[in-house]
Every structure is written in structure tokens, then in C-alpha cells.
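Which chain is which? The protein sequence lines are A and B, in order.
Numbering (the numbering used here) for the first sequence: 215 to 690.
Numbering (the numbering used here) for the second sequence: 55 to 141.
No incorrect hints appear here.
In silico DSS-like links for lysine-lysine, alpha-carbon gap of 25 Å or less:
#1 A:K411 with A:K285
#2 B:K133 with A:K689
#3 A:K285 with B:K81
#4 B:K115 with B:K133
#5 B:K106 with A:K689
#6 B:K106 with A:K245
#7 A:K689 with B:K115
If you're looking for bench data, these hints aren't it; they were derived computationally from the structure.
Keep in mind that this is a model prediction, so the values were computed, not measured.
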Amino acid sequence: MNTRSHYDVAIIGAGMSGLAAGIRLAHFGKKVCIFERHNAVGGLNSFYSIAGRKFDVGLHAMTNFVRPGVKGTPLGKLLRQLRIDRDEFALCEQKQSRIAFGPRGEVSLRFTNDFTAFESEVVAAFPAQADGFRKLVTAVRTFDDVSLDAAPVSAREVVRRHISDPLLEDMLFCPLMYYGSATEHDMEFGQFVIMFKALFLEGFARPFEGVRVVLRVLLEKFRAAGGERRMKCGVREIIAHAGRASALVLDGGDEITADHVISSIGAAETDRLVAEQAHAPTKAPRTLSFVETISILNRQPAELGWGNDTIIFFNDSSRFDYVQPIEQVDPRSGVICIPNNFDYGADRVLPEGIFRVTCLANYDRWARQPENDYQADKVRWFAEVQRSARRFLPPLAHDDALAVATVTTDMFTPRTITKFTGHFGGAIYGATVKHRQGRTSLDNLYLCGTDQGFLGIIGAMLSGISMANYHILQKG
Amino acid sequence: MTKDECKQVVLDIIADIAPDEDLSNVKPEVRLRDQLQLDSMDFLDIVMELRKRHGIEVPEKDYQQLASLDSCAEYLTPKFDALAGKG
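Please build the complete structure, drawing on both the sequences and the hints.
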């Protein structure tokens, strides 16, 4: 009936952070099992197929790209910690990206993986801010951003010490918030530093085959190190005793025990699993969520006249509101991603054109729609989101050129995110309160992933590594 | 185990932990951190690989003994010998 198994470490969730934690622990001889409710790995950065066509869930670009030989950065750190050769990720660099503000994107700041290009753009567009911008960059470079117990400081406050033009200020915050921030309006300066380095001082890259490449590498490392993984097998309860997690009850009713438990599913999501807390009312947290429209095209987007931009962060006025929308979607700002515009090599292009647009969305306004209304809402907002984004791209030769080139479309909403990842409120960047040391109410239950606070694909892997090191490996 | 063999053990571990580092000119008397790009996460891994591969325990209070190859050899050689003695 109930088969008991014991592990040194049980990991809840086979996303980027759970897999990375698993690799560290398995490599150093811990008996590890990762439990994943879904039938696919990757969590918030997973993949799926429709009619034989492959899609990535979250990956626009991997941030933190540095060229071989550059040392001491997050990418290098995680490659070392996971014993991965950088060639295994086969990262291809972005061509160029842009921040575009104004009704037609009139104020535009281009950036590439070479920071001097961005610096020149800022100085040219905002000459009075040149000195302040350089001082801000120095403040970013000299800030210690990996301390797990630094006191929080408002990023807006720090940035305003150096930048006095609100337009430039918002243009800097826009990409960093979209890539990402769980908090509205502002963020901690520590997080600002991490994101500024990740996007501007380092850069964007993508494997030709997308997120699957990264996940394949992680899975193989984990398997080779002796890690176990159970798919379509979530954890439905954590049994606590004397302040410790004493057993996990799996979806099917089986129980397992473990000396340590690492949970990547989120803080509130984990709390809800802990048996003694099951009766506590769960106040729905205020979350930031998103919709994303995906168009698959029968040609390269550049052939439509859309140019080489890889990512465009857009906002249709001079003031940027990174806030939960009142309506279902806020199409005033967002992110355009054209995965074709990475440099995959002279003789390699993606087989089809891909045009993705992401906008802020309100989970509650989507969550309880009856199915017919939900589908109708998706159709309505698909059109609105793409119409909004097209203002920031060169106009097409004919009005219906995009429709003619479109082979198929897909869209995800906050509801999709919660459905497939279990994260509450469609949250992509977790809750507003982070648990930097990954501690919970139970001594041997730790958090990793978005609610520990390192965000993005690289961040998630580092989160799993850090929490595995800090709570389990360092303690011998 | 000789002190030179011990230094090689440490270099082999560093080669696996940090394959992008050039180890051909490492000076044994100079702190490793001053010659190579190694941070506290890397040193933690040296300690853990010593345990994993060789069964050697290095308590946290002794981490500074691993600062240079010479100090590694001074500190670790007796530990290797003690283990060999028990075999």
C-alpha cells in the first residue's frame, strides 16, 4: 500500500532552481529525489509542443551572457558549480535590443552585448545626464550584490541621486523590471544591480534550439550524478513534527521521508503543503503576472521589414507604470521578443519566424472567467497586445502582411501560468517578499527559486546552487 | 604521500572545478586567490572534493590552511598519511 523511501534530500519542483540544487547535492553523494507534478521539466521555463511544433514557455533570452574568458560573473559561477562546459549551452548572442518610449517609440536607446554601445546611446540622447549615468554605473559595479543579508535600499532613491531626468530613469527601470521584478513601481537597489549587470553589463543569448538545450544539459548532469526524478508525481503535503519536516505525502498517497527538503514551488505554495498550516487562511497575495502572444510566421521577421531587434522594451508614454493592471491587460508597455534575431551563425536561421509580445496582466481578472469568456478574452487581447507592439516596429509593407505571414498563434495568460506551474496568482517573479536565506517555519525545509529571490534562468540556477550549498553541503 | 603529490592532488581538483583557469604557472608559495580567479564557492568545492575523492575532512576553522599550494601540502599531507595508516 504505502511504500516508504528515504532520501537525504527531497526537492519539490523540477524547474531550473530545483534541477540545479539537485545536481549539486547528487554530485557530492547525497541521495536526492526531485518530485515534479507536471509531465515536463522546466517549471516557469518549460517547453511544450502543439501539432509537432516546439515552443518555449518563458525563455526570451538568457541574460548574464559574457564571452569566453570573462570570469567572476554569474554565468561562469554557475557553470563551475554545476561542472558544465559553456559549450554545452551553445549560446548565441543577441544582435541588438532596444528600449523605446513614446507613442511611436520616438525616444529609443539601443543596446547590445557590448556595454559601450549602450553608454554612447544614453550620452547621445541625454547629454545632461552623461556624468550622472556614469556615476550610477560605477555605483552598480561597486555594489556587493550577492550578500544574503544586505539591508534593503530603494533603487529609485539611489538612481535619483545620479539621474535627474525621469524619462531616462524610467527607460532604465523598464527592462530591469520586465526581466524582472516582483514589486510594483520600485525595486531593491540590490536587485537593480543584479538586473543591470545581467542585461546591460553582461547581455543576452539563446541556444538555437531554445530552453530544451539547457534543460537537457541539466537533466543529464543530474542523472549522471546519481539523482532520481519522479515525474507526474507532485508533493501534496509536508508532515511536520517538532519543527521539522518529517515526511512528504505524494500526489498518489505514498509517503517518503528525507533529512532535508528543498522547495522551489514558492513560499506561500510551500506553506500550504505544510500540514499544520493547512487551516490557516491563505490571503491571496498581490502578484504581477503577464500575458504573452506568440505568432509563428512563414518567413524571417526581418523579411517583413522588422529589422534585427532581438528584444524591444516598449512603453507608449514618457512615464512607465510597472503595476498590476486594473483591467485584464495593460498594453501600454511590454516586451517584444524576436528569437530569430540571435546570431546563430552564417548558415543557420530558425525554421520559422517567431514574434512574441508580453504585457502586464491581472490574474484575478482572468482566473475565474467561464471557459467561453476566457477564450473570447484571449482573442480580444491577442489583437490588442499585438496592435500595441506594432507601434514600436517599422510599419509593414501592407496592412495585412502580418496576417498573411502568420502560420499559427498561441497565447498564455496568468491562468496558464498557475495551471502549469502551480505558482499562485500567475506569478512569474514570485511574491513581493523574498526569503533570501531560503528559511521557512521548519528547520529542514528550505526555499529556492523565485521566492528565494534570484530571478531569471541564470538566477534560478544560482538560487538552487546557493541554497543547496548554504543549508546542506556547507554543513558537512 | 609526498608534499608534491599532495599539491598535485589539489591542482587536479582545481582543474575539475575551474577548467577555464590556466594552472601551468601556479606558484606554490603565493595565495591561490591571488593567482587564479577562485572565490569562496570554489574553495568550498575544493573542501568538498577532498572529502568526496579522498575522504579528507577539512573543518571550517581550517579553511585558511588551503590558501596556497604550499600551505595545502603542509596541512593535508599528514591527513593523507593518517588515512593511509588506518587502511
